[in-house]
Structure formats: structure tokens, C-alpha cells
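Participant: Going line by line, the protein sequences match chains A and B. Residue numbers are given in my numbering: position 133 of the first sequence equals residue 133, and the series is strictly consecutive. Residue numbers are given in my numbering: position 151 of the second sequence equals residue 151, and the series is strictly consecutive.
Check before you lean on any hint, since a few could be wrong.
Because identical chains cannot be distinguished in the list, a pair is counted as satisfied if it fits within a single copy or across any two copies.
Unchecked claim - EDC-like cross-link-like pairs, simulated, lysine to aspartate or glutamate; straight-line CA separation at most 16 Å:
#	residue 1	residue 2
1	K198	E180
2	K330	D303
3	K255	E224
4	K204	D227
5	K255	D227
6	K168	E180
7	K332	E38
8	K297	D192
9	K21	E66
10	K86	D16
11	K78	D303
12	K207	D196
13	K204	E224
14	K3	D192
Think of the hints as simulated: they come from the structure by calculation, not from any bench.
Protein chains: 2
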Amino acid sequence: MNKQLILEKRPIGMPDAATWKLLTNPIPEPGDGQVLIENYYISLDPAMRGWLNDSKSYIPPVQLGEVMRAGSIGKVIKSNNHPKYKVGDVLTGWGGVQQYSLTNGENYYPVDTNLAPMPTYIGTLGMPGMTAYFGILEVGKIKAGDIVLVSGAAGAVGSVVGQIAKIKGCRVVGIAGGPEKCKYLIEELGFDGAIDYKNEEVSKALKTHCQKGIDVYFDNVGGEILDAALARLRMHARVVICGAISQYNNTTAIKGPSNYLSLLVNRATMQGMVVMDYAKDYRTAAQNMGGWMMQGKLKSREDIYEGIENFYETFQRLFTGEKNGKLVLKVKED
Amino acid sequence: MNKQLILEKRPIGMPDAATWKLLTNPIPEPGDGQVLIENYYISLDPAMRGWLNDSKSYIPPVQLGEVMRAGSIGKVIKSNNHPKYKVGDVLTGWGGVQQYSLTNGENYYPVDTNLAPMPTYIGTLGMPGMTAYFGILEVGKIKAGDIVLVSGAAGAVGSVVGQIAKIKGCRVVGIAGGPEKCKYLIEELGFDGAIDYKNEEVSKALKTHCQKGIDVYFDNVGGEILDAALARLRMHARVVICGAISQYNNTTAIKGPSNYLSLLVNRATMQGMVVMDYAKDYRTAAQNMGGWMMQGKLKSREDIYEGIENFYETFQRLFTGEKNGKLVLKVKED
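Pulled out of the complex, with its shape left as it was, chain A reads as follows (with noise of 0.2 Å):
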């Protein structure tokens, strides 16, 4: 049997246990050129939480009744005709958070586990690392010695930013959420400064981390540490808008950034991005992260909670912040 996690009714504010209902299913048979996956690992991420709103986005919503949409990895089981995939590939995609996904292989890839193990492939190898990968790169334009500042630092996102700055030369200083993931950034993932936003004040803060100020801030979080990097933006500054995970909840309308003059005095850029654009480039992405991280350059890191049932209580983890790395469920033994 195939369980299946289904909207059920689209939250206002914090999304509560009744916003999912766990179905259980028969395993459905491939179409004529479709392959039968059985996904074991789901990638949970903030943007899970703007796919419930009933508004236009980046990417249509979650319908009510439908499977949540997700990001997975997981085996070709099945395959009925299909040109590229055969029983036994490991593929990533959009599975959704279920047992088993019916394909015709359009927007999965396939990976080698041989190479890395299944969960950093939706990981620092899937949508958060190219996420991270274009953001900096593509949008902030990073350069040596550039002064990078990034929100979110420890989650797999932003410590792929962070990392992928290191490598470029660049003085990264990362924003996180309690004194272990701080330690975690400075003397796991070498960043040169940290800030624990739970108990410092993040413009103070600034103020010694980045004495000469900004020159990219990668935002993954909005609100008041926008705010607070804004105020410090150097001449012709970047300012990447990844996501805005501290007003995904808000039931009032979401903080805008009240120092957005800051962009006209320092001449900057505020630009907003979505990976999926950059997917024709997926595969160079993949292959110089790869190589990072076999040289030992670019670390990955992954809290893997186990269950589909517990789906709701680990999704909480992302707006929490009790989680250390990539979220990620295994939904099915492997």
C-alpha cells in the first residue's frame, strides 16, 4: 500500500495538524512511458509553506486533496515502456510526500549513490545547494574579497551559501539561530563570523561582524534582519531574496523592509530568485559541488527524521529552527 500525505485545508498563520491527513492508498501501475518510483527520503523546506496559499506565486498552490508537493529521491521499481529509466535507477524530483510516484521522468534526475549518499541529493546536491549555487553566484554576483552576510546560515541553504563564498574568496559572516549552530558555522564550516539572532541584537551585532559593511547579503529570512543588513549595505551592494521564512506564518500582512532607502543611498540591488530557472544549468552546478565536496571544501549536513506519520511535527522544525542541517524524512526504508 502506498501511504499519502493530503492537503486537506489551507492553513491561516502557523499550519496545524489538521492541515494534512495521511491516506492510504493501493500502489498505482505506470502509464504507457511512465516509471513507478518508490521514494525513501522527502526534503522538507520553507517554501512547502508558501505552496499552501491560495495565491498566485512562483509556482501554482497545492491544490486541497492533492499529495503534498515535495521534493524526494527514491528507486525505479516499475517501469512500463519508459525511454530513459529503468527499474533500479535512482532518481530525484518532485514525488511528493507519498510512498510511491507515478512519472514520465519529466524533472527528475538521476543520481549515483555511489557518490553521494540518497539524502544530500536532495540536499546540498538538489534544489537547497543549487539554490544556493545560482543565488550567490548568478544573482550576488559574489567576487574575492567581497563582505557576505547571510540569514539562515545554517540550514541547507544558507551554509551552502556561506561555503560557496569561502571558496570564492570572500569574508562570510552567518546569521543563525542559537550558540551550537553558531559554533557550528565558524568551526565546522569555517565561516569567519557568526551571529546568534536568538539572544544578540543582530544590528549591534553587524556593527563588529561587518565593521566595513556589506557587500551581499543573501536573505533567507525577511523581517527585521532585512532590516538590519540593509542598514549596513555597502556601495553598490546585492541584496538576494531567496525567501522571507520569519513572515511565512505572519496572519497580518508581512513586514516590509522599512530601510529600503538604504538600496538608493548605496546605490544597491535588491533581486528576488527562483531555482528553477537555472535548471538547463543543474548538471555544471552539480559537478563543481561535487568536486567541492570531495576535496573537502563543501560540507553537507542532514537531520533525518524518520516516518511519514511525522510529517506535521518535523515540518514544525523549519520554523522552529530545531533542526541542524537539511531537514529530510525518510518516509520508506531504503
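For chain A, the structure is supplied; the task is to place chain B on it using the hints.
Facilitator: Only chain B this time, still in chain A's reference frame:
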């Protein structure tokens, strides 16, 4: 004697009559390498409000006791061995709110009053025009067919932004205050649409005027109008942050744009600009704009008030909107 307007105290919120003080001092003598200029017209611009605040910006604030900074145009009436300028030359520059000023010529430009009247050289062919030119072309990066929205559209900068966008083959919608200004945009300047923010709900009006969305938004006002524009961005839109007149007299925090995540959804860019950065290309811009004026494609309208004694009441018109076109104060008979 030289009537000079001095910054007397820093305003909180809207400046009042006690912000400045009018002094009468002897006309100064030019030092070696200096010229003495008799100033005829000074430019009144929203940016002047920012120069009154004692905070870090793109230019140092006017100091207490200093002559109020302002763009100006006047005639050289004495030269003390100036290498370039001689008596009778007409120069524009930063003469300030006073009838006579000294300069070594730095940041002053000679103009030909046979080609355009003096007030035009501190309007469409001066800083406001340059701001429009570089803002819409270099930052907005308009191309034919773009849908361009501009706020403060009947003002010194906005009216030129819209006209240049029309010259470049864009569809142009302007936002201005009152039916008379809107009529002017359509009938005199050839805009495709006009929204009267004093009598219409801008976000609703934008649905009619920019059905397909906005490619370039040139923002002079900030606040709710910026938010309304952000909500209608098209993919890869550009938002030019030139000013935020709705926020300059705030006594509380500036209203940040709540809809800034539209930058993410639409992979859009918000970029600030300051005209001084383009000084090396002013000459080219003035030639192009002068050419358009002679062809009747670019119209200039100045609203000229008289008397340095009337600075304060004239200045207020920037914020009440009680003016038609570029606000100019005549401070001396020419």
C-alpha cells in the same frame, strides 16, 4: 548685498518656517581662481528634505548655519583669474539658496541660454532631467514595448521619465495628484494612461491601466503606491528607486514595501540610483535631451515663484503637490 538662506535648526517631520533664516550679508569677493556668480533661479527638489537630516546618506547633510544647498543658475559677474570662466558666462551648479555665490567652477557647467531658457537648465536639462534620463535608461533598462509606470509623473523627474519612455517605444502610465495633472500627462505629454492617486485607488486603477503588469516601475514616492506597483510586476521587472517623497517628512519609521516578495515571485530587481554617479555622461544626455526638445518630443514645464523671501512657502509645494511642473524659485532679477 547678498540675501542668503541659512539652515537654522533641523526639522522633525515637515520643516516649518523656523527651519531656515534669511540673512543679508555683503557680497563676497572671489579669491584667486574663483568666480562670483549672481544667481537668478534656484531649483526646489524633494531631495532637499533629506539633506536636512543629520544622518549618513549619499551626500553630507547641510550643516546648521550653512547656506541651504540647492541647484542654481546664474551669471559670472566677477572672475579672479579663473582659468575657464569669464564675466557674462551663464553657469549651473550648486549655488545654494542665495543671491551671490563663489566657486572655483567644480561641479558647475556652462550653458547656452540661446538654446533654452534658464529655468529649463535647472529642470529638464539639469539634475531632475539627468536623474530621469539615467534612471530610466541605465537602471530601468527600458526597451520598446515595455510597460512603464512612473509615480510623481507630473513632476520634474517623472514627466521626463515618461516622455523618454515614450520616445523609446514604451507604453507609459503615470501616477499624479489631481485631474489637471493627469490631463496634462495624457494631452500634453502623450502618456498612454494616468492615475489620479488623490481620487482613485491606485491598486485598483493599475488593474485597468496595466492589465498585463509592469515591466519597469520608476518610483519617486514610496509608501502605498510602491506596494501597489510591486503587486503588479511582470517577470524580470525592474523597479528604479529614485525617491520616496511620501516618506520624507515621517516622524515614525519609513513604511517598507510589504509586497517586496513580488521581487522573488517575478525574479525582479529593485535598484537605487543617485544622479551624481553619471556626471561623466551629463553632456551626452543633455545633447540627446536638447535634441528631443527641439524636435518637440520632450516638453518642459516650470512653475516659477519669485523672491528668496518666499523660499519656505514655495518649498512646501513640493509636498502638497500644489505646483505644475518643475518647481523653481527666482531669487534675483536677471
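Participant: Honestly, which of those hints from before does the structure not fit?
Facilitator: Hints 6, 10, 11, 14 are the ones this structure does not satisfy, whereas the remaining hints hold.
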